[in-house]
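Protein chains in written order, with this note's numbering: chain F, 1 to 475; chain L, 1001 to 1475.
Quick caveat, the hints were computed from the structure, so don't treat them as lab data.
Each hint should be verified, as a subset may be incorrect.
What the hints assert, rightly or not - List time: in silico EDC-like cross-link candidates among lysine to aspartate or glutamate, alpha-carbon distance up to 20 Å:
#1 K57(F) - E1024(L)
#2 K395(F) - E168(F)
#3 K320(F) - E1199(L)
#4 K1057(L) - E1142(L)
#5 K320(F) - D1053(L)
#6 K1311(L) - E58(F)
#7 K1332(L) - D439(F)
#8 K57(F) - E1428(L)
#9 K1320(L) - E168(F)
#10 K311(F) - E377(F)
#11 K1004(L) - E1335(L)
#12 K1014(L) - E1335(L)
#13 K1463(L) - D1439(L)
#14 K1295(L) - D1384(L)
#15 K320(F) - D1127(L)
#16 K57(F) - E168(F)
#17 K1219(L) - E1410(L)
#18 K396(F) - E377(F)
#19 K311(F) - E1058(L)
#20 K1057(L) - E168(F)
#21 K412(F) - E452(F)
#22 K332(F) - D1351(L)
#23 K1320(L) - D127(F)
#24 K57(F) - E1046(L)
#25 K1332(L) - D1316(L)
#26 K1057(L) - E299(F)
#27 K1057(L) - E1046(L)
#28 K1057(L) - E170(F)
#29 K57(F) - D1316(L)
#30 K1320(L) - D273(F)
#31 K395(F) - D274(F)
#32 K1320(L) - E1309(L)
#33 K300(F) - D351(F)
#34 K1057(L) - D274(F)
#35 K395(F) - D407(F)
Protein chains: 2
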Amino acid sequence: MAEKLTPRSEDFSKWYTEVVQRAEMADYSPVRGCMVIRPYGYALWENIQQSLDRRFKETGHQNAYFPLFIPYSFIQKEAEHVKGFAPQLAVVTHGGGQELEEPLVVRPTSEAIIGHMFAQWIRSYRDLPLLINQWCNVVRWEMRTRLFLRTTEFLWQEGHTAHATYEEAEEETLRMLEIYRDFAENEAAIPVIVGHKSESEKFAGALRTYTIEAMMGNKWALQAATSHNLGQNFAKAFEIRYLDRNNQLQYCWTTSWGLSTRFIGAIIMVHGDDQGLKMPPRLAPIQVIVVPIWKSDEEKERVLTKVEEIKGQLSDFRLKVDDREEYTPGWKFNEWEMRGVPLRIEIGPRDVEADQVVLARRDTGEKMPAPMARLSEQVRSLLDDIQVNMFRMAKKFMDDNTYHLDDYEEFKRILEEKGGFIIAPWCESAECEAAIKEDTKATIRCIPFGQEGPAGACIYCGKEARVKALFARAF
Amino acid sequence: MAEKLTPRSEDFSKWYTEVVQRAEMADYSPVRGCMVIRPYGYALWENIQQSLDRRFKETGHQNAYFPLFIPYSFIQKEAEHVKGFAPQLAVVTHGGGQELEEPLVVRPTSEAIIGHMFAQWIRSYRDLPLLINQWCNVVRWEMRTRLFLRTTEFLWQEGHTAHATYEEAEEETLRMLEIYRDFAENEAAIPVIVGHKSESEKFAGALRTYTIEAMMGNKWALQAATSHNLGQNFAKAFEIRYLDRNNQLQYCWTTSWGLSTRFIGAIIMVHGDDQGLKMPPRLAPIQVIVVPIWKSDEEKERVLTKVEEIKGQLSDFRLKVDDREEYTPGWKFNEWEMRGVPLRIEIGPRDVEADQVVLARRDTGEKMPAPMARLSEQVRSLLDDIQVNMFRMAKKFMDDNTYHLDDYEEFKRILEEKGGFIIAPWCESAECEAAIKEDTKATIRCIPFGQEGPAGACIYCGKEARVKALFARAF
């Protein structure tokens, strides 16, 4: 247990797998491609859920639940959709001891089944917008899996909405994208690049896919959440129609948007270091770990009495006391640093005497005494500071490793020698996109928002480009 | 929409299906046996979840997540378990376009997969007790389905714990049963009979199953939650062992316990009446519905200004304002009565002038004016009163329809003519149990707790009985 983690700089992938398991975030299961999310990982997911769910409800969305199984014929109704998902489907062929007449697909995403239900529920413009969200498990068959990042089954939320006009659907798509950006940056302390996907990378069946992309500790990108304007594609496939104010039958405009347990992988890979995890305080399952220190029984009693006082003062925080006898304080310091608890409180007999504790920050390693009198205030302010500092560090790392280039040789050299994000002019042709991927393994993560003026010459073919794209290796 | 519900007394089953759909609690889906839980039904489930989850965490349990798929060979490891669940399994035979080497079962319950993981995680007595809960979907193939009550897929929580001794496992089993009882009675206002199941009705693989049984509006019983002492059956099947303080390898003692979306069916069937649903205030998705009344635009403005004030005063409650223009106040009264909102606030121009509102209770139909000055206080006290009154009414109904009998002819006559719960001596033989079921369709719901002294002669065979059992027709 006291074995050292593989340093992150030495083998990022090995570090990741080790830290996920050692911190008891998740474990492999005997079912190929499926993981077990352990309590410490699931507590992080619960905090993510709460934080997002509040935002969804504040913007008028309601949760609902749709069937796990989808008739195969439903998946086929939207042509692009089936093309995108067919290779990844898990199929139930037998139920209750009988072979089924029509095989059932375990949902890889729920546009098809929800589209079908929307068609039953929506009658007139009065029923619009219909704003639904679902928290559930989905299954996409995977050959090579990695805990949290790529698993056959994962947990997520999928929002599904229907609107009267294109404009309203587009507004919704961007509203939810902004919620994801706000959540990633302000709760998870993960800076992101916001933009839209290229045609080849968009969701199977969407008109347009928007994304937030984050830079991991190895300088690869990770798609942290997506929001899709589905146009009328699913409305037409599933006959989602409404009577407008003039009593004319119209197709709806729909959207969908999702964030999954993959996001936990992003938190680990953005913030972690050679010591292990670093949890952003706002989402941390444990915000404060208290390690009492004693030698004699008499000291123990005095220290633990003080610990009760600390618990009383800090009842607003997610706090845990590690008073196990079988481990030394030093071992506990390492353990909770590895598990990424933002703030540690050490308290020994001399601290009790001085009516103080010692605070240790996980982000900077800094240690400082704190008088009991102002403990709650100081903990609050330190946690806020750690949250801001973690974002700042991650932002600096992303900025320092982002290159604005217009020369393809340089592009290849940088990707080869340094890695990172490259922003470069792109002519929007799928050929150039594919050629660059073939050469460098870098894909277009998005076409970032906020571009103005001419982009320059396409980094690959030299033709005039209207936009710059963000290129990177990605998980 | 304004069509009348089938009266509950006329056709209970039809009333149930109508009210579930009309109140938009749930809907049928195109997937056989699977339902869609609509936002109003899901909001009730979220309140149930919150209320239980808090109790689970207060008693030291942590949430986690285990795979949806279970290798078929795992289900077979515990002999009774596979016998019980085999006929109901949904089986995935294809994944990612390939036939699987070993078919995967969609979890009907997770003892097998969790048992396997517990065996990896538990090493010594220090790791015990291990107290885990999971919120998830499960699948049990059903031929005849009914919304919420019996569906192929349903949502639930399943607790799974491992302990060092039989006594600790038994204590845990009873602790969780008591949590279910407390939840049912104090949150859902559903009185229950607490006891243990007969051998033939216990969970497949359990040593002993405890249950809470409630009486529905048609006098049938519904098993509202169960808690199982699994003994060492699963520990032996999955090799869940620990080193005790003397360094000896011992098998663990495990438990499991669950409550599902079926409980929503109980809430509907216990409290509902000819007007529709009646939601217990503590769990109601909407506790207070505000119906503003106006004729002219000028009145509208005055009334809606007051409604804002009401919202401000009642921000602690789950409140909704129905200010739709296309429906009359009378239509809205019926609609929200049908959907079971415990308290209605009516406010018209004259109320604005008198600085008051009119309150209408869903449980008694009573209407009363309430001055704005004390509104929040009065709403709080009325909701508390409704909660207590709903429990009292349900308890009286159950008590009035429970018969203590010792004559089998009387037993049959009462079940035939009146229905209800019958408490009668039983010799504990499976033969008598089966014969009574064959005769009357009544099953043993449980052997109630708190029995003292001799029970009398078995109601069926006349042999001396140690216990009395609760017999009833059941969902």
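Here's how the hints hold up against the structure:
no., hint, in the structure
1, K57(F) - E1024(L), "19 Å, holds"
2, K395(F) - E168(F), "32 Å, violated"
3, K320(F) - E1199(L), "43 Å, violated"
4, K1057(L) - E1142(L), "33 Å, violated"
5, K320(F) - D1053(L), "19 Å, holds"
6, K1311(L) - E58(F), "16 Å, holds"
7, K1332(L) - D439(F), "65 Å, violated"
8, K57(F) - E1428(L), "52 Å, violated"
9, K1320(L) - E168(F), "24 Å, violated"
10, K311(F) - E377(F), "14 Å, holds"
11, K1004(L) - E1335(L), "11 Å, holds"
12, K1014(L) - E1335(L), "19 Å, holds"
13, K1463(L) - D1439(L), "19 Å, holds"
14, K1295(L) - D1384(L), "34 Å, violated"
15, K320(F) - D1127(L), "17 Å, holds"
16, K57(F) - E168(F), "18 Å, holds"
17, K1219(L) - E1410(L), "17 Å, holds"
18, K396(F) - E377(F), "28 Å, violated"
19, K311(F) - E1058(L), "16 Å, holds"
20, K1057(L) - E168(F), "42 Å, violated"
21, K412(F) - E452(F), "25 Å, violated"
22, K332(F) - D1351(L), "64 Å, violated"
23, K1320(L) - D127(F), "17 Å, holds"
24, K57(F) - E1046(L), "13 Å, holds"
25, K1332(L) - D1316(L), "23 Å, violated"
26, K1057(L) - E299(F), "31 Å, violated"
27, K1057(L) - E1046(L), "16 Å, holds"
28, K1057(L) - E170(F), "41 Å, violated"
29, K57(F) - D1316(L), "16 Å, holds"
30, K1320(L) - D273(F), "48 Å, violated"
31, K395(F) - D274(F), "19 Å, holds"
32, K1320(L) - E1309(L), "13 Å, holds"
33, K300(F) - D351(F), "13 Å, holds"
34, K1057(L) - D274(F), "32 Å, violated"
35, K395(F) - D407(F), "25 Å, violated"
In the structure shown, a violation is registered for the earlier hints numbered 2, 3, 4, 7, 8, 9, 14, 18, 20, 21, 22, 25, 26, 28, 30, 34, 35, in ascending order.
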